[in-house]
Amino acid sequence: MSQKKNHEDQKYIDGLVQNNAFVIQTIYDKFAPKVINYIKQNSGDVANAKDVIQETIITIYHQATEKGLQLTCPFDAYFFLLCKRKWLNQLKKRGKKEVTINEEVLSKDDDAQELAFETSLFEQQHSLFKDMFQKLGQACKDLLTATFKIKSMEKVAE
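Residue numbers (my numbering): -17 to 140.
If you are wondering where the hints come from, they were derived from the structure by calculation, not from laboratory data.
Note that this is a predicted model, so its numbers are computed, not measured.
Backbone N, C-alpha and C define an ideal beta-carbon position, used for all residues, glycine too.
Just to be clear, a hint being listed does not mean it is correct.
No more than 20 Å apart at the CA atoms, straight line, and that leaves these computed lysine to aspartate or glutamate pairs for DMTMM-like [unchecked claim]:
#1 Lys74 with Asp33
#2 Lys(-7) with Asp58
#3 Lys22 with Glu37
#4 Lys75 with Glu37
#5 Lys22 with Asp58
#6 Lys12 with Glu37
#7 Lys74 with Glu37
#8 Lys49 with Asp33
#9 Lys16 with Asp58
#10 Lys112 with Glu37
#11 Lys49 with Asp(-4)
#12 Lys16 with Glu37
#13 Lys32 with Glu(-10)
#14 Lys75 with Asp124
#15 Lys16 with Asp33
#16 Lys74 with Asp124
#17 Lys16 with Asp27
#18 Lys12 with Glu48
#19 Lys75 with Asp33
#20 Lys112 with Asp124
#21 Lys22 with Asp33
#22 Lys(-13) with Asp58
#23 Lys75 with Asp27
#24 Lys74 with Asp58
#25 Lys12 with Asp33
Beta-carbon label-pair distances, calculated as ranges [said to hold, decoys possible]:
#26 Glu48 with Lys74: 21 to 31 Å
#27 Gly119 with Gln23: 41 to 51 Å
#28 Lys(-7) with Ser25: 31 to 41 Å
#29 Ile40 with Lys(-7): 15 to 25 Å
#30 Gly119 with Thr8: 39 to 49 Å
#31 Asp11 with Leu118: 41 to 51 Å
#32 Asn71 with Asn19: 15 to 25 Å
Input sequences plus hints: build the corresponding full structure.
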(Lines of atoms letter the chains of each structure in order from A and count residues from 1; the text may use other names and numbers.)
(Lines give C-alpha, C1' and ligand atoms only; values in the text may rest on other atoms or scores of the structure.)
Protein backbone atom coordinates (compact mmCIF):
# COMPACT_ATOMS: atom_id res chain seq x y z
CA MET A 1 0.00 0.00 0.00
CA SER A 2 1.27 3.47 -0.79
CA GLN A 3 2.28 5.88 1.96
CA LYS A 4 -0.61 8.31 2.29
CA LYS A 5 -1.66 10.58 5.10
CA ASN A 6 -4.20 9.08 7.49
CA HIS A 7 -7.74 10.34 7.05
CA GLU A 8 -9.35 12.17 9.96
CA ASP A 9 -11.82 9.26 10.17
CA GLN A 10 -8.99 7.11 11.57
CA LYS A 11 -10.69 7.97 14.87
CA TYR A 12 -13.30 5.29 14.12
CA ILE A 13 -10.63 2.63 13.63
CA ASP A 14 -8.82 3.73 16.79
CA GLY A 15 -12.10 3.72 18.72
CA LEU A 16 -12.84 0.15 17.62
CA VAL A 17 -9.38 -1.00 18.71
CA GLN A 18 -9.83 0.69 22.09
CA ASN A 19 -13.32 -0.83 22.43
CA ASN A 20 -14.73 2.68 22.89
CA ALA A 21 -18.51 2.23 23.33
CA PHE A 22 -19.26 5.78 22.17
CA VAL A 23 -17.32 5.34 18.91
CA ILE A 24 -18.88 1.93 18.26
CA GLN A 25 -22.37 3.33 18.82
CA THR A 26 -21.53 6.26 16.54
CA ILE A 27 -20.52 3.81 13.80
CA TYR A 28 -23.87 2.04 14.13
CA ASP A 29 -25.85 5.29 14.26
CA LYS A 30 -24.03 7.08 11.47
CA PHE A 31 -23.08 4.36 8.97
CA ALA A 32 -25.45 1.40 9.45
CA PRO A 33 -28.59 2.98 7.93
CA LYS A 34 -26.93 3.28 4.50
CA VAL A 35 -25.89 -0.39 4.64
CA ILE A 36 -29.34 -1.51 5.81
CA ASN A 37 -31.00 0.36 2.93
CA TYR A 38 -28.57 -1.11 0.41
CA ILE A 39 -29.10 -4.69 1.59
CA LYS A 40 -32.88 -4.27 1.74
CA GLN A 41 -32.82 -3.01 -1.87
CA ASN A 42 -30.65 -5.95 -2.93
CA SER A 43 -32.45 -9.17 -1.93
CA GLY A 44 -31.93 -8.87 1.83
CA ASP A 45 -33.64 -7.77 5.01
CA VAL A 46 -32.76 -5.88 8.19
CA ALA A 47 -31.52 -9.04 9.94
CA ASN A 48 -29.16 -9.77 7.03
CA ALA A 49 -27.91 -6.20 7.16
CA LYS A 50 -27.26 -6.33 10.91
CA ASP A 51 -25.27 -9.55 10.46
CA VAL A 52 -23.19 -8.02 7.66
CA ILE A 53 -22.55 -4.87 9.70
CA GLN A 54 -21.44 -6.90 12.73
CA GLU A 55 -19.14 -9.09 10.61
CA THR A 56 -17.66 -6.01 8.95
CA ILE A 57 -16.93 -4.33 12.28
CA ILE A 58 -15.20 -7.51 13.47
CA THR A 59 -13.19 -7.67 10.24
CA ILE A 60 -12.09 -4.04 10.60
CA TYR A 61 -11.15 -4.67 14.23
CA HIS A 62 -8.98 -7.66 13.28
CA GLN A 63 -7.42 -5.76 10.38
CA ALA A 64 -6.57 -2.87 12.72
CA THR A 65 -5.18 -4.99 15.56
CA GLU A 66 -3.30 -7.53 13.45
CA LYS A 67 -2.20 -5.44 10.47
CA GLY A 68 -2.26 -1.89 11.82
CA LEU A 69 -4.95 -0.62 9.44
CA GLN A 70 -4.42 3.06 8.62
CA LEU A 71 -7.42 4.72 7.00
CA THR A 72 -6.58 6.97 4.04
CA CYS A 73 -10.17 7.57 2.93
CA PRO A 74 -13.49 8.41 4.58
CA PHE A 75 -14.65 5.67 6.97
CA ASP A 76 -18.10 5.79 5.38
CA ALA A 77 -16.79 4.77 1.96
CA TYR A 78 -14.55 2.05 3.37
CA PHE A 79 -17.20 0.62 5.70
CA PHE A 80 -19.90 0.66 3.04
CA LEU A 81 -17.68 -1.00 0.45
CA LEU A 82 -16.74 -3.79 2.87
CA CYS A 83 -20.39 -4.35 3.80
CA LYS A 84 -21.37 -4.40 0.13
CA ARG A 85 -18.70 -6.98 -0.71
CA LYS A 86 -19.68 -9.15 2.25
CA TRP A 87 -23.32 -9.03 1.19
CA LEU A 88 -22.55 -9.84 -2.45
CA ASN A 89 -20.35 -12.75 -1.32
CA GLN A 90 -23.21 -14.08 0.81
CA LEU A 91 -25.61 -13.85 -2.11
CA LYS A 92 -23.10 -15.63 -4.31
CA LYS A 93 -22.69 -18.44 -1.75
CA ARG A 94 -26.46 -18.84 -1.51
CA GLY A 95 -26.58 -19.27 -5.26
CA LYS A 96 -29.06 -16.48 -5.87
CA LYS A 97 -29.66 -16.36 -9.59
CA GLU A 98 -31.75 -13.20 -9.72
CA VAL A 99 -30.03 -10.45 -7.77
CA THR A 100 -30.78 -6.82 -8.44
CA ILE A 101 -27.89 -4.61 -7.45
CA ASN A 102 -28.62 -0.94 -6.89
CA GLU A 103 -25.31 0.81 -7.59
CA GLU A 104 -26.59 4.36 -7.02
CA VAL A 105 -25.52 4.48 -3.36
CA LEU A 106 -21.95 3.35 -3.98
CA SER A 107 -19.00 5.57 -3.24
CA LYS A 108 -16.40 5.63 -6.00
CA ASP A 109 -13.49 6.51 -3.71
CA ASP A 110 -10.29 4.80 -4.94
CA ASP A 111 -8.71 4.62 -1.48
CA ALA A 112 -11.82 2.93 -0.13
CA GLN A 113 -11.70 0.41 -2.98
CA GLU A 114 -8.04 -0.35 -2.29
CA LEU A 115 -8.52 -0.66 1.48
CA ALA A 116 -11.61 -2.80 1.06
CA PHE A 117 -9.74 -5.13 -1.28
CA GLU A 118 -6.83 -5.43 1.15
CA THR A 119 -9.20 -6.08 4.05
CA SER A 120 -11.08 -8.70 2.07
CA LEU A 121 -7.80 -10.39 1.16
CA PHE A 122 -6.68 -10.26 4.78
CA GLU A 123 -9.96 -11.82 5.89
CA GLN A 124 -9.57 -14.68 3.39
CA GLN A 125 -5.97 -15.31 4.49
CA HIS A 126 -6.95 -15.15 8.17
CA SER A 127 -9.75 -17.67 7.60
CA LEU A 128 -7.43 -20.02 5.69
CA PHE A 129 -4.79 -19.74 8.41
CA LYS A 130 -7.34 -20.59 11.12
CA ASP A 131 -8.62 -23.59 9.13
CA MET A 132 -5.12 -24.94 8.51
CA PHE A 133 -4.04 -24.28 12.09
CA GLN A 134 -6.92 -26.43 13.36
CA LYS A 135 -5.66 -29.36 11.25
CA LEU A 136 -2.26 -29.36 12.99
CA GLY A 137 -1.35 -31.66 15.84
CA GLN A 138 -1.39 -30.23 19.36
CA ALA A 139 2.44 -30.13 19.63
CA CYS A 140 2.67 -28.08 16.42
CA LYS A 141 -0.10 -25.75 17.61
CA ASP A 142 1.69 -25.20 20.93
CA LEU A 143 5.01 -24.51 19.21
CA LEU A 144 3.50 -22.05 16.73
CA THR A 145 1.50 -20.30 19.44
CA ALA A 146 4.66 -19.87 21.49
CA THR A 147 6.47 -18.53 18.43
CA PHE A 148 3.73 -15.95 17.80
CA LYS A 149 3.68 -14.77 21.39
CA ILE A 150 7.36 -14.84 22.34
CA LYS A 151 8.99 -13.71 19.08
CA SER A 152 12.41 -14.99 20.18
CA MET A 153 13.36 -18.43 18.86
CA GLU A 154 15.82 -18.94 21.72
CA LYS A 155 13.02 -18.59 24.26
CA VAL A 156 10.73 -20.84 22.21
CA ALA A 157 13.45 -23.52 22.14
CA GLU A 158 13.56 -23.50 25.93
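Hints versus structure:
1. Lys74 with Asp33: Holds, at roughly 16 Å.
2. Lys(-7) with Asp58: holds, 12 Å
3. Lys22 with Glu37: Holds, at about 17 Å.
4. Lys75 with Glu37: holds, 16 Å
5. Lys22 with Asp58: The given pair, whose Cα atoms are some 18 Å apart, holds under the 20 Å limit.
6. Lys12 with Glu37: holds, 17 Å
7. Lys74 with Glu37: holds, 17 Å
8. Lys49 with Asp33: violated, 23 Å
9. Lys16 with Asp58: holds, 9 Å
10. Lys112 with Glu37: Holds, because 16 Å separates the two Cα atoms, which is no more than 20 Å.
11. Lys49 with Asp(-4): The hint holds at about 13 Å.
12. Lys16 with Glu37: holds, 16 Å
13. Lys32 with Glu(-10): With Cα atoms ~26 Å apart, Lys32 and Glu(-10) exceed 20 Å; violated.
14. Lys75 with Asp124: Roughly 34 Å separates the two Cα atoms, so the pair is violated.
15. Lys16 with Asp33: holds, 14 Å
16. Lys74 with Asp124: With a Cα-Cα distance of about 37 Å, the restraint between Lys74 and Asp124 is violated, given a limit of 20 Å.
17. Lys16 with Asp27: Satisfied, since the Cα-Cα distance of roughly 13 Å is no more than 20 Å.
18. Lys12 with Glu48: violated, 25 Å
19. Lys75 with Asp33: holds, 15 Å
20. Lys112 with Asp124: holds, 14 Å
21. Lys22 with Asp33: Roughly 13 Å separates the two Cα atoms, so the pair holds.
22. Lys(-13) with Asp58: holds, 17 Å
23. Lys75 with Asp27: It holds: about 17 Å lies between the C-alpha atoms, which stays within 20 Å.
24. Lys74 with Asp58: Violated, at roughly 24 Å.
25. Lys12 with Asp33: Holds - the C-alpha atoms of Asp33 and Lys12 are around 17 Å apart, at most 20 Å.
26. Glu48 with Lys74: 21 to 31 Å: holds, 26 Å
27. Gly119 with Gln23: 41 to 51 Å: Holds, since Gly119 and Gln23 (Cβ atoms, about 48 Å apart) stay within the stated range.
28. Lys(-7) with Ser25: 31 to 41 Å: holds, 33 Å
29. Ile40 with Lys(-7): 15 to 25 Å: The hint (15 to 25 Å, Cβ to Cβ) holds, given that Ile40 and Lys(-7) are roughly 19 Å apart.
30. Gly119 with Thr8: 39 to 49 Å: Since the Cβ atoms of Gly119 and Thr8 sit about 45 Å apart, the hinted range of 39 to 49 Å holds.
31. Asp11 with Leu118: 41 to 51 Å: Hint holds: Cβ distance 42 Å, inside 41 to 51 Å.
32. Asn71 with Asn19: 15 to 25 Å: holds, 19 Å
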